[in-house]
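Participant: The chain contents come next:
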Amino acid sequence: MVDSCSPLYVQIFIEEVMELVELKPLRNALVGLPGVNGLSTEQRKRLTIAVELVANPSIIFMDEPTSGLDARAAAIVMRTVRNTVDTGRTVVCTIHQPSIDIFEAFDEVSEISHRIYFQLPSTFWSAFGHTCFDVAGFPNLELCCNLQSLKCLINACSFSL
Amino acid sequence: MKAQGVQEDRLELLKGVSGSFRPGVLTALMGVSGAGKTTLMDVLAGRKTGGYIEEDIRISGYPKKQETFARVSGYCEQNDIHSPQVTVYESLLFSAWLRLPKDIDSNKRKVSSTK
Chain P
1 MVDSCSPLYV QIFIEEVMEL VELKPLRNAL VGLPGVNGLS TEQRKRLTIA
51 VELVANPSII FMDEPTSGLD ARAAAIVMRT VRNTVDTGRT VVCTIHQPSI
101 DIFEAFDEVS EISHRIYFQL PSTFWSAFGH TCFDVAGFPN LELCCNLQSL
151 KCLINACSFS L
Chain U
1 MKAQGVQEDR LELLKGVSGS FRPGVLTALM GVSGAGKTTL MDVLAGRKTG
51 GYIEEDIRIS GYPKKQETFA RVSGYCEQND IHSPQVTVYE SLLFSAWLRL
101 PKDIDSNKRK VSSTK
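So the protein sequences, as listed, match chains P and U. Counted the way my numbering counts, the first sequence spans residues 1 to 161. Counted the way my numbering counts, the second sequence spans residues 1 to 115.
Hints were generated in silico from the structure; no laboratory data involved. Each hint should be verified, as a subset may be incorrect.
Computed footprint of chain U on chain P; a stretch qualifies when at least three of its residues, placed anywhere within it, have a C-beta under 8 Å from a C-beta of chain U [to be verified]: (1) 32 to 39; (2) 77 to 90; (3) 97 to 105.
Part of the chain U face toward chain P, derived, beta carbon under 7 Å [to be verified]: (4) Leu29; (5) Gly31; (6) Gly34; (7) Ala45; (8) Thr49; (9) Val72; (10) Tyr89.
All values reported here derive from a predicted model rather than from experimental measurement. Built from N, CA and C at the ideal position, the CB exists for glycine as well.
Chain P with its partners taken away, still in its complex shape (with noise of 0.2 Å):
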């Protein structure tokens, strides 16, 4: 067992975290100002995950991760919190209007809404989003979904909020 204060396991840790969120080709890169010069905003968003993953937590609370970001850099913030996931990690996201694709990287759902605070596997809301098959067994949901907009391809989360 290598000491975990030792200089070479903190480098091979960084070296490992710097993989698990894609920063390895931006080692060199100057973090810079935000808006000005340096990092992007979503190279910015991941080694925001990544200075919180050196501490080699088992739990990691993240808000907003992909708000203020576009399609593609949402995808890419998100492909790392992944990433994270399946290291064995438990993470939590707030999120408000993601996009489907944001949105089918999620295990779970929570929800907090109109004061009532419901969770579902996110399966089932994609399941919801898509094609729209199966409400039968959540009959909370059921009582306030309008069967027709069901029909349509609606983004799951757009419609529940």
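Given the coordinates of chain P, work out where chain U should sit on it, guided by the hints.
Facilitator: Using the frame of chain P, we list chain U on its own:
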């Protein structure tokens, strides 16, 4: 605020909200603007130091202990604040150093940075 007609001494920010996050999965916390997504997450992460938190927060069934929890959790803020004059690698190295115990002296650290 009292002058403007607020009667209560304490304002309730979250009411009747409960939930759980399964380990090892990616959970989205969704809600309308102002629903309290960030507030809920801040409370769970232990970042709300002022105010009152009623009811309990449990981790694997055990009551949350903030000192321990802070060691095993991370929090990425919405606004990315970084030092502009350093590189990506230096940012990570600096962050990693900050997590090391204080008895690790700077000479020992420098071995890794000069390589």
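Participant: All hints are to be evaluated individually against the structure, with a verdict given for each.
Facilitator: Do the hints match the structure? See the list:
1. Given as covered by chain U, the region 32 to 39 of chain P passes the check, having 5 residues with a CB less than 8 Å from a CB of that chain where 3 are the minimum.
2. Here the region 77 to 90 of chain P counts 6 residues with a CB under 8 Å from a CB of chain U, which clears the bar of 3, and the coverage holds.
3. Taking a C-beta to C-beta cut-off of 8 Å, the region 97 to 105 of chain P contributes 3 residues in contact with chain U, enough for the three needed, and the coverage statement holds.
4. For leucine 29 of chain U, the interface hint holds, since its Cβ comes within 7 Å of a Cβ in chain P; the closest pair sits about 5 Å apart.
5. Against a cut-off of 7 Å between C-beta atoms, the interface hint on glycine 31 of chain U holds, since the closest Cβ of chain P lies about 4 Å away.
6. Interface restraint check: glycine 34 of chain U against chain P, minimum CB-CB distance 10 Å, threshold 7 Å, status violated.
7. With its C-beta approaching chain P no nearer than about 5 Å, alanine 45 of chain U sits inside the 7 Å limit, and its interface hint holds.
8. A distance limit of 7 Å between C-beta atoms decides the matter here; for threonine 49 of chain U the minimum to chain P is near 16 Å, and the interface restraint is violated.
9. Interface hint status for valine 72 of chain U: upheld, as the beta-carbon distance to the closest one in chain P is roughly 5 Å, under 7 Å.
10. For tyrosine 89 of chain U, the interface hint holds, since its Cβ comes within 7 Å of a Cβ in chain P; the closest pair sits about 5 Å apart.
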